[in-house]
Structures are given as structure tokens and as C-alpha cells.
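Participant: In case you want the letters, here they are:
6 protein chains.
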Amino acid sequence: MDADKLIEIENELLSSYSKGGGVNHIGGPSLPSRESISEILYTIESLMFPGFQSDENIDQCILKYRTSEKLNQLFRKLYQEIKKATCLKNAPDKRASCQDCSASAKVKTEEFITNLTKVRDKILLDADAALSGDPAASSMEEVILSYPGMKAVTIHRIAHEFYKLKIPLIPRMMSEYAHSATGIDIHPGAEIGDYFFIDHGTGVVIGETTVIGSNVKIYQGVTLGALSVKKEEANVKRHPTIEDNVTIYAGATILGGDTVVGKNSTIGGNVWIVKSVEPNSKIYNKPIDYSIKN
Amino acid sequence: MDADKLIEIENELLSSYSKGGGVNHIGGPSLPSRESISEILYTIESLMFPGFQSDENIDQCILKYRTSEKLNQLFRKLYQEIKKATCLKNAPDKRASCQDCSASAKVKTEEFITNLTKVRDKILLDADAALSGDPAASSMEEVILSYPGMKAVTIHRIAHEFYKLKIPLIPRMMSEYAHSATGIDIHPGAEIGDYFFIDHGTGVVIGETTVIGSNVKIYQGVTLGALSVKKEEANVKRHPTIEDNVTIYAGATILGGDTVVGKNSTIGGNVWIVKSVEPNSKIYNKPIDYSIKN
Amino acid sequence: MDADKLIEIENELLSSYSKGGGVNHIGGPSLPSRESISEILYTIESLMFPGFQSDENIDQCILKYRTSEKLNQLFRKLYQEIKKATCLKNAPDKRASCQDCSASAKVKTEEFITNLTKVRDKILLDADAALSGDPAASSMEEVILSYPGMKAVTIHRIAHEFYKLKIPLIPRMMSEYAHSATGIDIHPGAEIGDYFFIDHGTGVVIGETTVIGSNVKIYQGVTLGALSVKKEEANVKRHPTIEDNVTIYAGATILGGDTVVGKNSTIGGNVWIVKSVEPNSKIYNKPIDYSIKN
Amino acid sequence: MDADKLIEIENELLSSYSKGGGVNHIGGPSLPSRESISEILYTIESLMFPGFQSDENIDQCILKYRTSEKLNQLFRKLYQEIKKATCLKNAPDKRASCQDCSASAKVKTEEFITNLTKVRDKILLDADAALSGDPAASSMEEVILSYPGMKAVTIHRIAHEFYKLKIPLIPRMMSEYAHSATGIDIHPGAEIGDYFFIDHGTGVVIGETTVIGSNVKIYQGVTLGALSVKKEEANVKRHPTIEDNVTIYAGATILGGDTVVGKNSTIGGNVWIVKSVEPNSKIYNKPIDYSIKN
Amino acid sequence: MDADKLIEIENELLSSYSKGGGVNHIGGPSLPSRESISEILYTIESLMFPGFQSDENIDQCILKYRTSEKLNQLFRKLYQEIKKATCLKNAPDKRASCQDCSASAKVKTEEFITNLTKVRDKILLDADAALSGDPAASSMEEVILSYPGMKAVTIHRIAHEFYKLKIPLIPRMMSEYAHSATGIDIHPGAEIGDYFFIDHGTGVVIGETTVIGSNVKIYQGVTLGALSVKKEEANVKRHPTIEDNVTIYAGATILGGDTVVGKNSTIGGNVWIVKSVEPNSKIYNKPIDYSIKN
Amino acid sequence: MDADKLIEIENELLSSYSKGGGVNHIGGPSLPSRESISEILYTIESLMFPGFQSDENIDQCILKYRTSEKLNQLFRKLYQEIKKATCLKNAPDKRASCQDCSASAKVKTEEFITNLTKVRDKILLDADAALSGDPAASSMEEVILSYPGMKAVTIHRIAHEFYKLKIPLIPRMMSEYAHSATGIDIHPGAEIGDYFFIDHGTGVVIGETTVIGSNVKIYQGVTLGALSVKKEEANVKRHPTIEDNVTIYAGATILGGDTVVGKNSTIGGNVWIVKSVEPNSKIYNKPIDYSIKN
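Protein chains in written order, with our numbering: chain F, 4 to 297; chain D, 4 to 297; chain R, 4 to 297; chain Y, 4 to 297; chain V, 4 to 297; chain U, 4 to 297.
Hint data in this document are derived by calculation from the structure and do not stem from the laboratory.
Among the hints, a few may not be true.
You can't tell identical chains apart in this list, so a pair holds if it fits in one copy or across any two.
Claimed, not checked - Result set (DSSO-like, lysine-lysine): computed pairs, CA atoms no more than 27 angstroms apart in a straight line:
#1 Lys-240 - Lys-109
#2 Lys-289 - Lys-125
#3 Lys-22 - Lys-67
#4 Lys-22 - Lys-266
#5 Lys-121 - Lys-8
#6 Lys-167 - Lys-125
#7 Lys-289 - Lys-240
#8 Lys-233 - Lys-109
#9 Lys-109 - Lys-67
#10 Lys-240 - Lys-278
#11 Lys-67 - Lys-80
#12 Lys-266 - Lys-240
#13 Lys-169 - Lys-278
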């Protein structure tokens, strides 16, 4: 390839960058990066469950300093990413000196950090639910180290805090991180009660306006979704409500913002639900006839 | 374990390496490595969307040099991996000096690089489709940074270029990279039109000879597959054709090389299709009766 | 945030660590770490398929030393993680000096390493099955480098060895590693015969007490699960038996510890099975009527 | 090399490890590592001169958290290395549970950290001395970033604190780190007054019991050493005293514990001094006759 | 250490940062970092001597792209560091938007890059001088890979270019990098002719206004320095001139801006020279009488 | 800088690569790299002193496997670098297939590895010498971790083995590594007896044909060099012989291949010796008169 050709290709690409409103951020402050978001989640998980992620040998004497180090580190990294995410709404040349976004990022970082122990308490309840809900689970350690549902719910509880703080981009980047690692796709907007347990979990989708009660258990491939996906309906409740003590087996689909699954109900595998279900219901598909040829 | 026992185990393993035709490549040139393929995709993504992947602070003055640096780096890495993939067909002792594979790798690398801006243009259309197709999507940045469907389609558009260039191994390694990150499994051979959007996406499977029109939208768990999987049919069209403006909801299965879903059709969730469907159809499963026990 | 507030948050978190039985391991020996388990799997894979993972240029002269290096490294790392996992049952202050766990870890490491070539032989049969079972597969290299089913089965064969050795935590950490990378969730307890092939695989779930014969092929979204999930039934066979030469298509669900799919049977896509199936059966869902509106 | 030969070599080496009292620490707690000491120095330097070592972008809002993070990190790392260094005096099997060494390490870490700002103040005076003492120095930044004397004195001021706390090994590891980076070898025991400046510095040696006043300037190749090096004299003052405002030019050698260079003196290049020198002296070698042959 | 005490220490440190004009750069753009300067030198060396630094396997086909990649990378990194160094003279709040410094950095980066081949040509002459000047040197490869004098002179030739471009900080950071690696301290201002060779080199000091002719050879411990070091004389020639074909043996000291060592002269080991020397002189110390006691 | 100018610069550089015999190795096998040599030395040091370099926690149970792992790793890395160094003498196109160099590299690697314990034994004697020779040394650990002389002599003992095996490049790369880290420059050819101790060491130069007896101690700045440096004398003994039990103080210079310092002698600081010295001599400079001006 001669040099002229390569330069032509390069120029083509460069002019493509500035075409049509563009999608890149050259010259403005960087976007929050996937790497930073993943590091932030790692730090939060390590504050939640010290000693679980790596081999570091923490004795009691050091625990206080290690915790303080991680908290301050978390503050710094969060502040920086939140500031970037918040400031994207401004024109590029206004971002560097934007005092509003700095101030707002500081406040929101503080709010998140203030709630850390509360979030941890909730996550411990989820771990309890997994341990008591899966016959194969033999210890709390096993649940935390190897249950994808546990990982997805942990990250959701964190992402949901940022969602409530109305921080752009970051909650979705977190939920997508969890999705990539576990196959479980929970929109950070979903409101989920205590003792939530997802088993196996691949293919689970839980939409933005879903509301889930306490002590709910769901299996792989369950969708809690919307009936219609019109842009103009972005602000209404589009996803179902699941009340306390409901179990939903693998592959079930529950759709619609007005659909309520009443408390203590059981939804069988592959059941398709678009209307509300009374409390205490047990809903199973009638067996599909299949043909057997020997 | 005494030293003799360990040596015995080692010898067992060593002799196993050379047994039965073997599957390893000792002494010959290396295979393309998963690490290199992942680096190459990272570089291409960063050429597509500068400023999106990491924190690097690129000002306008530097953009040209940064782009040129990445383009040349991409050339080098691609050339090396393509050369390895191409040369595997030769006997190991012929590979080092194989001028044909060098020449061929160079030509194919040039062809890919030449099309880079065209591929980028296509990917931007996909991003538009995602932004307008999902009520929850609030910005182009969010789509690029956190939509698994966007990631899978981006990598598919890249892998498909290598597929068209008939390069062995590399296109499949790329599609498997995307599959691992997103749960979306698109064979690099699939031909996909503009404005393609996959929402959530876990469990989506799109086969090698699938043909997809413009402005198609599909949801998680959709399979576009083959009816039969006989080795001798590897070269015929085994997967369906989806025409323009079709929407396919979650969990639908469409099978067969002669199956055509006509334009403007909607395929409902979990529908199972093995025959062609007229344009403008709306196909939904009749509700399965389920038994309710309160 | 003033310093007092941050200290308050920190103290809250610190006291939360020691509350209610706790879930952390401060002061005791570390847990096996996810990073170590992933490195161990990488080393085993590289012993299984030398030359496949990275670019290292191994000539015949060096192969013996490289293999010996990796074997000894594997011994060291395995021993350390097994010792940690084994010793968790003891009170923290008894762990450091626990000679029993050292001895037991040594014996179990030796047993695993002794079987390495046998495990490799089994994995090569799986690769054969993939190569002959998928019309799109064009070479053994492609299967090993880019088939998620191959990766999941390889890791399962390894994790199952640790399961048989009754080592806590580690087998499940390995299977979850595979799940995260491939979307395929095989409990390390499952007994799987030779020539096993999973195509695409996202969403596959195979339970702990599943028994699978030789030459079985399954597709994405297949569940081999339990009918009931009561903690007190953890020790009975809860998952089905699949006999030799069975093919199970995408999305099928087979449940129950007494359910046997007889040999040479084919289970169609999305079929739901909770009772045993005779040998040589071909089972397909009767087509669901769907409504078409043009 | 056949396997037996390699095992023989290995066994030779293994038995050599345990021979003659040995010099290794297998089975006991690790020694302080060179890597840790270098990281600790990096952290301290970055607390001394924030913004000088790397590219991190610290705004005022974040400075407090960043500083707190580093301080806590420093505490943790220091504590761990000091504990290891302190505990070496015990028999290996007594180390793990040694409460005395933990307590002592904690106290000494606290003492060092408490003095951090005082040490910084002293180092800033040294930087002033360099800036005013070298005509080529054009800014404080240049002095801190590129003056080897500055680096050596900074590390000495730190190492000397650990020396005063009677911590084994660590002070000497720090001074050797400085020696390796700059060619300047200052024993951590040396007592050095304010405004100390070493120019160029390669080959400078300053012994353990040297005492140096304020405002002293020395050049490359200067030795402040001992006259005799008998092991039994390890506890007496063996190295010279240099009083305030003395300048010592390149290559001068000043030896002996009773040798005092009186204040305001200048010692010329290559001068060899083994007896005390009055205050206000200017001492130069009489020119050596050299023969010139044209 | 209780939390209050640590906060007190932290506040002490924080207030120390802002005291007395300070020496840190919080809130302004970062300083050029030592890490970046070392990477830049690595890149330049690898452009000078491709294939010498790492294991990368460059074939002819790739050389062009690799070179272009490195050149563009070099441009980017240089531009960024030069911009930082240039902008330090401005008040912190004026730096971010300083167009002058961007423009100036761009021009100076271009000038350096334009001269790259000329600098390389000069360095090759130095390598020739080393190869022919040292009986122990057996190949050009050995000289480039293992001669400290070669490394120091290479870096000096590079640093001198930046010195001529009047870029602050960076030239001195480069020369200190060389000093740290080799013990050879050459001020970037020194003007040095072709075919320059330093053997062993530890302790060599060459001052800012030194002028050295062609084909000069010097040994370890040689000082080419100033007689007096008054700040007000910073702009006059303070260091000696060494004419063509001069050899200076180990430990010799030559001082003063008016001191000229005439061409073809030889200066013996440890000779001390403060006055000019005629061309063609051979100057050796008369032997010092030493006392021998058997 | 416009694209044409950059291409011009690039072409200039590219054509410079091939000019005048060239000094680069494009297209041929790589040179031994500095990074590899440094890793090899790290591995050897860690085999010599297990537990000294990093934090790895080796218990007795694992020591055997760790040692075997390192030995095999060392074999592999050494073989590869020795093969590269050996094959440089061939024309580039003959290197890849050169069986002679493979065979020779294998034999030489084996020879080095066979002597490992012998070399370790010698190094332990040097450590003893340091411990007993320096009043400031308080433990074997301190000597190994922080004495530059110890590091330089350790690396010399290793490099000398490769020198004796007549391997090109590698011995000198090792000695230069030591020189860079310690300021001590020992040519790998020097023959050095047991119990050798260098204190401080910056500036020490020991030439290729130096012969040193047992129990010799030298200080910083000592040169054991050649009188004349003519290329044609490369093969004769050019450097002095130092017999048993000699001590040489700082800055002394001893030159010439016929110069012998007889056993039990002491050479004072800065003494300049070009003729042989009787055994049992004590040689000190007569004090130089210096002028004192108060």
C-alpha cells in the first residue's frame, strides 16, 4: 500500500469523524471509560466483601487503613467519572471550567458513599436468599464467589443508587458490565425488594420500570418486559410489578406496565403473561402435545 | 509426588501431544492468538469511535497523528495475524518462508483498511437505529458505551469484512469474542442490511447464511437457524432471509434456508417459524392456556 | 464532605463487617481468588493445547522444558488454592498451622495432575464431535479457538475432576468462569460421556446430578434441570439422565431426577419434558397455531 | 539434557538451600521485598510532591481524598514491611503469631507518618539550596524532576527517619535504592543539617556516623569515610564531622571519626584529609607537577 | 493511631502544600512526567535502532508501517510533553486555553522529528568510534546493546536537540535519565563533535558550556567542569573546550571556560588542569611518591 | 506538519536503516533483548536466594515444585537467548533453519545449568566476606538485599560462566546490567577468587584480563585497568593480577597486564600503580601538601 493511499484512507476517516454531528469527543473532556467503571465496581465490591477478590493479606490491625484507603480512592474515581458524565450536556468548550458540574459531582459522590453500608446490608440479604434458595449452595463464600445471580444483583443494587441520583451514562455502563459477565440484564431503574435471588440467570431481562417485591426468586431466561416500545412512552411505567414471595421459573415472560403478579404466586416455566395475576396463584402451561415417533 | 512420577506424567502428556494427528502447533508458526484478535478489535473500535474507549486526552492538533499511529499499528497487527491464519494450510516446515501467504496477507490487510470508513458509516447507522428504537436510550454516547447489541453488531460488521476476504479462523474468533462479551452469536457470514438493532440480545443466534434486510429489529433469544445440520450441506443456504423493516420479538425461532420473512412483518415472542411468511404479516402465538390454581 | 462524616461512614462500614456472623475473611487465610482460578484454568488449557493461547514460539527442543515448567507451576498454584478452600471449614485461628489441610491439598493436587492426560484425551474426543457435528466448522483449530461449547466442555471436564475429589468452592468457581465466558452453565457435578457437543450454547443449564451418555449433542437454551428445589433434597438425583446418541434442539427443557431420555432419541426445539422418553423417540412440539394478520 | 540429570541438578540446589545455616527464608514470613520498598518510596515522594511523579490530574476538590488515600495506603504498606523486618530476629515458627512485632510495627509506622510534614519541610529547604547553589538550575520543578542530588537527599531524609526508629533492613534498602538511581551512597545513619546540596553526585560516599551541619555543599566523588574498618569498632564514631557552611569539591576524601572540618571552610577538589581543619579554612592541593610533552 | 490524629497529619500536609509559594502543581496542567520522558526515549531509540530493544519480529513488509506507527506515536507524545513544559511559565489558570504553547509545541515537535535521521547518522558515527576504540568490543551489536558510553551519548545527542530548541525541563530530564542508567552526567547544553567515545564512564561529568571537537575519547571519572559556580555567571562559558582527537584518561579534571585542550593532545589519568594546553601535548602526572612498607 | 513532510522524514529514516552496512536486524532473528537478559538474571537470583526477591509465600511442600518450575523456565529462556546470540554470525537468511546453533545453544544451556549450585556456593562465600568485612553489616539478609557490591559480584559470577562458554553478547549485557544498577563495571572475562568483597563500589572498573585471588577487598572508585588500548592487543593480558588477601582502598588505580600486586598487600586510597608490588606491601601516597588559608 503506498503512502498516498494510506493518507487518503486516513483523511477519509478523519473527515468522517466530523460528519453529521459526529459521535466522538475529541477536544472535549473524555467520556466515562469502561475501564474506570469496571475499576470502580471492583473497588466497591472489595469494600462490600473485603478479602473476597484478591489475595491481599489483611490483618485486623490494617483493616481500618485499608478501608479508609479504598473509601478515599472510591471518592476520587467516582467524582471524576460522575463529573465527566454530568458535563456532557454542555458544549465542549464550556466543560473544562464548569463549576456546576464539579459541585454536583461532589454532592452526588457524597450521597452514594453515605449509603454504602445500607447498600451492603441489602446485598447481604440477597446472599442469604441465595444460600437458602438453592439446594446446591453449600456456603456463603460459594454464593459470593461463584453465583452469577449474586454478582448481577450486587451490581444492580449499586447501579440503582446512581440511577436514583440521576447521573447519566454510569448506571447503564454498570448494568451492561454485569450483563456481559453474567448474561443477566437488569435495567438500573428497576426497583427490587429485599431477598432477591436469580438462579443461573442467563437471558434474564428486567426492564427499567419493573417493580419487584421482597423475597422474589427468578430463574434463567425470565423476561420482565414492555408490551410496546414507543419512544414517546419512555416516561410511563412500561414493565410489570411482581409482588412479595413470587417465584418465576425459567423462560417465563411477563409483559406490560399494568401487569401485576400478586403475592405468593408461582409462575411456571415458559408461561407467557400479559395480564395481572391474582395473589396466591400457581400458573403453569398446560402441557403442549408433542408428537412422539419411535 | 516423587520426581519420577511427575516425569512419567509429563512424558504421558508429551506423547499425547503427538498422538493421532494432534491438535497443537509446536514448531510451526503460531496460530492467531485470542489476545491479538482482541487487541485488533480494540484498535478498530478506537479508530471508529475515537475518545470512547479510554481516558486519553486527544486535542485537535494531535488527532491526525493519533489516527495515523493507530492505522499503521492496525496494519501491522492485522498483517501478522492474517499471515498466520492463511499459512496454516501449508505443512509446518513450509510456512516460515511462504512468500505467497505474505503477499496475500498484505493484499487482504490493504483491502480491509481501505474499507474502514465505509464500515464506520454503516455502524453509525446502526447506532442511529438503536437510539431511535429503544425508548430507554437517551444519547448516542449511551448507545455506544453500554448497548450489547451495538457491540455485537459493530464486531459483526468488522468480522464480516474478513469473512468476505475468505480469511480463515479470524472472522470466527472475532464473532466468538462478541458472543462472549454480549451473549449474541452472529456468524460472520451473515449478511445484514443497514439500521440493524438488537435489544438486550442474550441468546440471539444468527446463522452463517442468514440474509437480513434494512431496518430490522430483533430481541433477546431470537434464533435465525438451520433446519438440518448435515455436514454435506455446508455450502447451501441453510438459514432464513429476513426482509426490510421486520421486527422479531424475544425468543422467536425462524429456521430454514428457504424461509423468508416478508418485509414490514412483525414476529411475536416465542413464535416458531419454519415456512415463509408474507410481507406485512403480524404473527403472534395464540395464547397457550395455562392453568391457574389459587 | 468533611473528614468527620467520612470517618463516620468508614466506621459504619467497619462495624457492618463484623455484624451478624459476617461474610468476610479478615485475619484468616484468604479465600481462593477468582484471579487465581482463572490463571489455573489458563495454565491447564495451555498444557492441553500447547501453542493455542499465546504467541510463544515453542520449538521441539524447548517443548519438554516448557511443559515441565507449566506442570510444576500448575502444581504450586493448585496446591495453594486447594489448601485455602479445604481449610475454610476450620476456625480462622486454626488455619495457619493446619497440617491436615496441607497434606490433603498435596494428595488431591497429585491426583488431579496424574489424570491430566486422560482428561486431555476426553477433551480431544469432544473436539472431534464438534468438528464432525457442525457443518460450519472447518478445522480443529477453529473449534478450539472459537467454539464456546468447546470452551465450556473443556472447563467442565476439568472442574468435574475437582468435584470428584470433593474440593470445596473451586469446582463451582471454575464452572462459573466458563458460564461467564460462554453463557453455558454446567454444574461441575454433572457426569458427561464422551463426544459431547454443545452448539452456540448461550443459556444452556445442566444441573448437578445430570447424567449424560456418549455422543450427545445439545443446542443453545437447553435446560437439564430439577422439578423441585427443596434444600432437603440436595443429596438425591434431581436432574435427568440423557442416554447415548441423543440430540436435543434449542430451548428444550428436560426436568426431573427420574426422567430418562432413551438412547438415539431426538428432542425438538422448545419441547418441555418431565417424564421419561423411550429410546429411539423423535419428539417435536405440535405446531402452535399462530394468528397471522396481513 | 535428560530428565534424570535435571532432577539431579535440582536436588543439588535444594540441598544447597538448607546447607550451612542457609541464607533463605522458606517457610518463614517473607523478607521486606525490594519492590515494596521502591513502591513505598514512590508513595512518600508523591505525598511530598503531589503532581510531580505521574500524569494524574488532581483538582483542588480531589486533593484531600487523594492525599488521604495515599496516607492510608502508606500506613498499610509500611506496617507490613516493618513487621516483616522486625520479626526476622525471631525463629521462623514464632513469627506468624508474634504480637510484639505487630504492636511495634504499628507504633513505628505511626511515628514515621506523624513526622511526614516535618520531613517535607526539610526537603524543601534542600530544594532551595539546590536552586540557589547551581547556576544551571532554572526552576524548582527542574530541581525536583532532574537533580540526582535532590533525589538522593530526599530518600536519605526518609531513610534516616527509619534508622532513628531502629528498624532493621529497611533504611539500608532505601539508601541502596537511592544509590542505584543516582550513584550517591549515603548511609541512613548519617546526620545531615538543613540546606544540603550535592551536585552531580556520582561516587559520593557518606558513612554511617558522619555528622554534617547546615548549608553544606558537596560535589561528585566526595568520600566522607572511615580510617579503619574493624568489625569491633562498629559502634564508635568512625566518620568525620562537617560543620556549617562548608563546601567540598569533587573527589575530596575526608576520613576519620575525630576529623572535623570547621565551619565556613572550603575543601578543594581531590584533597585528602585525615585530620581536623580549622573553621574558615580554604584547602587546596598544591598543583601536582605534570610533565608536558608536545 | 486514632482517626483524629491521622486527619491532623493529613491537614498538616495539605496546608504544607500551599505554604511559601509551594512546589506542587495541583490544579494546573501536569508537569512532564519521568515516565513519559523515559517512554519517549525508548521510542526514539527504537526508531534509531529498530529490532534492538525488544523481541518484536519485524519483517520487511511491516517495517514501513511499524516505522510510521512509531513516528506518529512519537509526535503525539512529544507534543504533549513539550506543551506541558512550555506552558509552565504561565499562571495555572491560563494554561488550559493557551494557544501559544500549543502552537509552539507543534513547531518544536516538527523541528525535532525533521532532524531525526541526521541525529541517527551522528549516533552511528559514535558507535563506530566505540567499536574501533575499545579492544574488547567485538561487534556493533555489542556496542549498542551493552556500552554505557554509547547509551549516554545517544541520549545526549537527543537531549541536545531539545536544548537547542529552548524547551524547558525536558532536556535535563533526559540527561538525568541517562545519568541514572549509566553514571555519566552530560549536561544537554554541551556541544559534542562526531566520533565521541566514553569508556566505562561512571563518574564522568560534562558541563553545560563544554565544547568538544571530533574524535575525542574519554574515560571513567573525567570531569569537564567550572572553576566557580556563581549564579550570576550562569550565562557565560564556564566549562572547557576540548579540540579534535583528544584522549582524556580516567579521573582527569579539566576546569574553566577559558581552558582549551589543544587538538591531538592526551591527558593522563587523574591530571588536574585549569589552564589551556597546547595542541599535541601529552600530559601526565609526575608519579606521586608513595611509601612502601613490607 | 503536512502528511508529505512526515512521509519524507519516514523515507529518510527507512533508507538510513539500510545504509552503510546497517546496524539493525530487520528480517533476521531478533537480538537477545535487554528485557530478556534482565528476566533471566532475576530468575537466576531467585534460584540462588529463594524468598529474597518478592513476596511469594513458599512453604516446604511447594519449594520443590517452585524450584523445578524456575529451573525449566530458566532453561527455556536461556536457550532462546543463547541461540539468538550464537546465530548472529550467520547471514540472516541462514539463521531460521540453523541446526548447529540450536544444538550448540542446548549444550551450553545445559552446561550453565549444571554448574548452578557451584556458582551459588561461590556467591555464598562472597556474602560471608561482605558480612565479616563491613562493620556496618548486621545480617546476611542485609548484605543480600542492600549491598551493591554483592549484587555486582553475584551477576559477575553468573556472567563469567557465560563468558567461559564463549557465548557472544550475553555476558557483556549482563555485566552492563550490573553496572547500571550499581555503578560497578566488571568485565565478564575477569577471573575472581573466593571471598571477594567490593564496598560502596561506585566507579569500580575491573578489566577483561584481570586476575584476582581469594579474599580480596576493594573500595569505590578502584580501577584495575590497561595501560594501552590498542585493538591489536585485544588478545593479550592487559589488566593486572591481584593476589590473595589484598585490600585496595578507594580511588586506587592499578594498570597493566604484567602488574602484580603481591599477596597480603594493602593499597591506599588514590594510589596509582603501574608496576608490580611485592607481597605483604603497604602502599600509601605520601601526603600531598595542601595549602591552607584561614
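Participant: Sort out which numbered hints this structure fails and list those numbers smallest first.
Facilitator: Of the numbered hints given earlier, those the structure breaks are 1, 2, 4, 8 and 13, listed in rising order.
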